[in-house]
Amino acid sequence: MVPLAPTPEVPLVEMRDISIAFGGIRAVDDASIDLYPGEVVALLGHNGAGKSTLIKILSGAYKRDTGTILVNGEEVAINSPRDAKKYGIETIYQTLALADNVDAAANLFLGRELMTSWGTLDDVAMEAEARKVMGRLNPRFQRFKDPVARLSGGQRQSVAIARAILFNARILIMDEPTAALGPQETAQVGELVKQLKSEGIGIFLISHDIHDVFDLADRVCVMKNGQVVGTAKTTEVTQDEVLGMIILGKCPPGAIPGPGAMKAAA
Amino acid sequence: MTDTTTTPVDRARASDLGPFARFLKATELDVRMLGMVSALVIIWVGLHILSGGLFLTPRNLWNLSVQSASVAIMATGMVLVIVTRNIDLSVGSILGFCGMVMGVMQAQWLPQVFGIPLGSPWLWILALCSGLLVGAAIGALHGYVIAYMGVPAFIVTLGGLLIWRGGAWWLTSGQTVAPMDETYRLMGGGPQGSIGATWSWIVGLIACVGVVWMLRSDRVQRQRFHFPLRPLWAEAFLGAVACAVILGAVWIANSYGWPIGIVRRYMQENAIVPPEGGLFIAHGIAIPVLMAIAVGIVMTFLTRRTRFGRYVFAIGGNPEAAALAGIATRWVTMKIFMLMGLLAAVGAAISSARLNASTNALGTLDELLVIAAAVIGGTSLAGGAGTVLGAMLGALLMQSLQSGMVLLGIDTPLQNIIVGFVLVLAVWLDTMYRKRV
Ligand SMILES: Nc1ncnc2c1ncn2[C@@H]1O[C@H](COP(=O)(O)OP(=O)(O)OP(=O)(O)O)[C@@H](O)[C@H]1O
Ligand SMILES: [Mg+2]
Numbered sequence: 001m002v003p004l005a006p007t008p009e010v011p012l013v014e015m016r017d018i019s020i021a022f023g024g025i026r027a028v029d030d031a032s033i034d035l036y037p038g039e040v041v042a043l044l045g046h047n048g049a050g051k052s053t054l055i056k057i058l059s060g061a062y063k064r065d066t067g068t069i070l071v072n073g074e075e076v077a078i079n080s081p082r083d084a085k086k087y088g089i090e091t092i093y094q095t096l097a098l099a100d101n102v103d104a105a106a107n108l109f110l111g112r113e114l115m116t117s118w119g120t121l122d123d124v125a126m127e128a129e130a131r132k133v134m135g136r137l138n139p140r141f142q143r144f145k146d147p148v149a150r151l152s153g154g155q156r157q158s159v160a161i162a163r164a165i166l167f168n169a170r171i172l173i174m175d176e177p178t179a180a181l182g183p184q185e186t187a188q189v190g191e192l193v194k195q196l197k198s199e200g201i202g203i204f205l206i207s208h209d210i211h212d213v214f215d216l217a218d219r220v221c222v223m224k225n226g227q228v229v230g231t232a233k234t235t236e237v238t239q240d241e242v243l244g245m246i247i248l249g250k251c252p253p254g255a256i257p258g259p260g261a262m263k264a265a266a
Numbered sequence: 001m002t003d004t005t006t007t008p009v010d011r012a013r014a015s016d017l018g019p020f021a022r023f024l025k026a027t028e029l030d031v032r033m034l035g036m037v038s039a040l041v042i043i044w045v046g047l048h049i050l051s052g053g054l055f056l057t058p059r060n061l062w063n064l065s066v067q068s069a070s071v072a073i074m075a076t077g078m079v080l081v082i083v084t085r086n087i088d089l090s091v092g093s094i095l096g097f098c099g100m101v102m103g104v105m106q107a108q109w110l111p112q113v114f115g116i117p118l119g120s121p122w123l124w125i126l127a128l129c130s131g132l133l134v135g136a137a138i139g140a141l142h143g144y145v146i147a148y149m150g151v152p153a154f155i156v157t158l159g160g161l162l163i164w165r166g167g168a169w170w171l172t173s174g175q176t177v178a179p180m181d182e183t184y185r186l187m188g189g190g191p192q193g194s195i196g197a198t199w200s201w202i203v204g205l206i207a208c209v210g211v212v213w214m215l216r217s218d219r220v221q222r223q224r225f226h227f228p229l230r231p232l233w234a235e236a237f238l239g240a241v242a243c244a245v246i247l248g249a250v251w252i253a254n255s256y257g258w259p260i261g262i263v264r265r266y267m268q269e270n271a272i273v274p275p276e277g278g279l280f281i282a283h284g285i286a287i288p289v290l291m292a293i294a295v296g297i298v299m300t301f302l303t304r305r306t307r308f309g310r311y312v313f314a315i316g317g318n319p320e321a322a323a324l325a326g327i328a329t330r331w332v333t334m335k336i337f338m339l340m341g342l343l344a345a346v347g348a349a350i351s352s353a354r355l356n357a358s359t360n361a362l363g364t365l366d367e368l369l370v371i372a373a374a375v376i377g378g379t380s381l382a383g384g385a386g387t388v389l390g391a392m393l394g395a396l397l398m399q400s401l402q403s404g405m406v407l408l409g410i411d412t413p414l415q416n417i418i419v420g421f422v423l424v425l426a427v428w429l430d431t432m433y434r435k436r437v
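In order, the protein sequences belong to chains U and B. If you read the first sequence in our numbering, its first letter stands for residue 1, the second for the next number, and so on. If you read the second sequence in our numbering, its first letter stands for residue 1, the second for the next number, and so on.
The set of hints was computed from the structure by calculation and includes no laboratory data. Keep in mind that the hints are not guaranteed to be accurate.
The calculated EDC-like cross-link candidates involving lysine to aspartate or glutamate, where the alpha carbons are at most 20 Å apart (straight line), are [as the list claims (entries may be wrong)]:
# : chain 1 : residue 1 : chain 2 : residue 2
1 : B       : LYS435    : U       : ASP146
2 : U       : LYS85     : B       : GLU320
3 : U       : LYS145    : B       : GLU235
4 : U       : LYS250    : U       : ASP240
If we strip away everything but chain U, and leave its shape as in the complex, we get (with noise of 0.2 Å):
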């Protein structure tokens, strides 16, 4: 894959030809997407297109069948979600995968617990970072003795958020992060990945809502049964012909093809 821009800087991600099968489905088929410091790429596709699978691998979720990913022009190994994280990939599910039985605090630090100098969980210091970076996301939130599975949809959804943006990500993965979220909230979310952006922090947001898209990415990637159909910058293409693209698999002019664009026109 040659980079879209000209920029002369290295992607921040690059995955290369990925695919991946579950039994006979091909849910990811030679995919290659990159993204670049400070960009957003906006994901998109038919449901089931193979969306969530492609950055699932990313976050190590998922161990890929083939291909490569490379992060700053290096080829890394990533096995687990454990690893992804070494990698500063942080990554918003599109099921939040939050522990619903215990509290915001817990969750935003899952994994990655404060300890005390005792060795002992430091809950007061996790609750009170807790309130700070929910305080950046959701002001009224107030609900952190509660377990997640008392708060409301949009809250567990900022839970999610606040956690992959509390471990100072380089990239962020956001799958319909705006999904379950307010007017408010979501015009939130857009302020947030903007400042976000501005911090020079790469960001892969999977959408269905192409208003947003198009307000907030730089690029977009459009998946169709699992192949990329083209990628394509914002400013190069109407909202019409990603549509056409999302639904027809037809690549426009403004777009580089993928193998999964419509070949009739050719």
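On the provided structure of chain U, position chain B with the ligands as indicated by the hints.
Then chain B with the ligands, alone, in the frame of chain U:
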């Protein structure tokens, strides 16, 4: 409290609550735990009345504490097993097998094969250690098959139930091993296996100091980060109740004197002239009860204050999320079963010491008592919820029912019917409670 932001907060306002709810909020007491304690009190008082004043006596309560110890210890481990959506049906058989290992070690192998003289302290130390080791190893084996080979815990431990019971028989071809080492037997309680009045008071006072210190350090921690604090009266109330319970329990244990025969023999052996009105020697807290309390404290610490405990609950709440958070879920599962095996071995030491023998049937059906204790104590079979203290109270409740019915002269079949009924009733009540919250 120091938080002065003007953003409206999304929580119920304190003024909307009734006085009892306000009391609960201020003390942060767990309603389910209060319910358990009330159930226990009701059962105790009920049995006391029905038995014509035989139940709430120092002697009966002391016996109750000793009888509950082994099941209570195992129930603390069962909490972790059930919290992670597993089950362990093999604890009774592991207990039997480990009891047999410890018995055979001290009565046959160590003296006969290794030439350690009878009465040597090495006898009980090595026997106990080997039993604990065997218990942990059996648990580790179960855990490995469950976590890494993917066989459901129900099946693995059902197999374990048969295998280790059979193994216990095999160790001695079914023969009972007796008697046990003198020192080893102290773990079974009895007049010698209790720490006496003075030490009991000392233990009680240390416990009170510990409670106050914990309440204080918790408060200091919260002050450090400007978090909402409990009102002072609530702190004082909690501290006072805890200390009263501790000292009350010590007082009861100290009110139960040695039987006259043993006192007489003790006076003869130590050449004591009997004072007027006879000599009263208090039992004090029994050693198996101290062991159970120690296990309870360690297990509570483990579940509440360590990474391991946090991971156990996270896995129970959402195994997939725990794995995505980078937790080595299989290793944690294996460790839980290892711990369960170890605790079953501790139970074995207490049971065999109390019986002064290792029999092939030791611990038969204990798995059911242990599971029932954990479940009555609020451990959810759906996973993710449960407390060590609740499970220990559950064990005490089960034992209270059983001893109480013996006291009332109810025959065994009816006892079983009542225990089974209470188990279902308790879990139904808990389910109703969970739905409402
Ligand atoms: N763990 C799994 N086991 C078997 N099949 C799977 C698994 N995960 C995903 N699939 C299949 O892979 C395909 C792609 O799924 P994926 O979740 O990546 O879609 P998606 O693009 O994220 O869709 P949506 O927009 O609905 O979230 C689907 O056909 C799905 O059934
Ligand atoms: Mg998806």
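Hints and how they fare:
A C-alpha spacing of about 16 Å is found between LYS435/B and ASP146/U, which places the hinted pair at or below 20 Å, so the restraint holds. Our distance criterion of 20 Å between C-alpha atoms is met by LYS85/U and GLU320/B, whose separation comes to about 17 Å. The suggested pairing of LYS145/U with GLU235/B holds, with an alpha-carbon distance near 18 Å, which does not exceed 20 Å. Distance hint between LYS250/U and ASP240/U is fulfilled; the C-alpha atoms sit about 11 Å from each other, no more than 20 Å.
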